[in-house]
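Asks: With the hints as constraints, model all of the structure from the sequences given.
Now for the letters of each chain:
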Amino acid sequence: NAGVTQTPKFQVLKTGQSMTLQCAQDMNHNSMYWYRQDPGMGLRLIYYSASEGTTDKGEVPNGYNVSRLNKREFSLRLESAAPSQTSVYFCASSERRLNNQPQHFGDGTRLSIL
Amino acid sequence: SQELEQSPQSLIVQEGKNLTINCTSSKTLYGLYWYKQKYGEGLIFLMMLQKGGEEKSHEKITAKLDEKKQQSSLHITASQPSHAGIYLCGADDGAGSYQLTFGKGTKLSVIP
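Residue numbers (my numbering), protein chains in the order written: chain A, 47 to 160; chain B, 270 to 381.
Since the hints were derived computationally from the structure, they do not count as laboratory data.
When the alpha-carbon atoms are kept at most 25 Å apart in a straight line, the in silico PhoX-like pairs for lysine-lysine are as follows:
#1 B:Lys338 / B:Lys305
#2 B:Lys376 / B:Lys329
#3 B:Lys305 / A:Lys55
#4 B:Lys373 / A:Lys55
#5 B:Lys325 / B:Lys286
#6 B:Lys376 / A:Lys55
#7 A:Lys55 / B:Lys307
#8 B:Lys373 / A:Lys103
#9 A:Lys103 / B:Lys296
What you are looking at is a predicted structure, and each value in this text was computed from that prediction instead of being measured.
Replies: And the structure:
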């Protein structure tokens, strides 16, 4: 049971470089999410996709773009990476919107921007 | 916006001891979710509590939702080294939202 799979697991970028983080889920979930986790800040929602074909901003969307490629896949793109984007990024999915539907998380991508 | 405060921030207990972690919300709690995170790994879903004073148990972990106090507690009985990790609570605003607000976590260490 793969659940939510994120690639890559680790990445180091230079300031200004671009990168796409990949996420795929095999649970046939409708909704998908991208979070970042920073020390002292907890988990913060970047973007989410309620269903295939829709995306919406979360709490901290600046500097990021997302694409819901199909029902399984939801990618996060950094167009011009900045040191402030150094973080651990988590992808999650849920059957549908909240109302007692837990989100299931991937193992994260550890991203360092130099 | 909703804020969740977890206490304590960190906890060190001897194996076999009981412990409680609290999660207090600035607003009414509707859905409350408990997760566990081990270092370098993702979040593992533990339990979900609905509005209405619910209580759930799984193995040696019991979670309760006190809607009047806008608080949830996670109680571990007879702790084991396998319980070590970071425990996170998350809450939704009950309006059919897609957004979970998380607390900053409680780091639990269990000494053998």
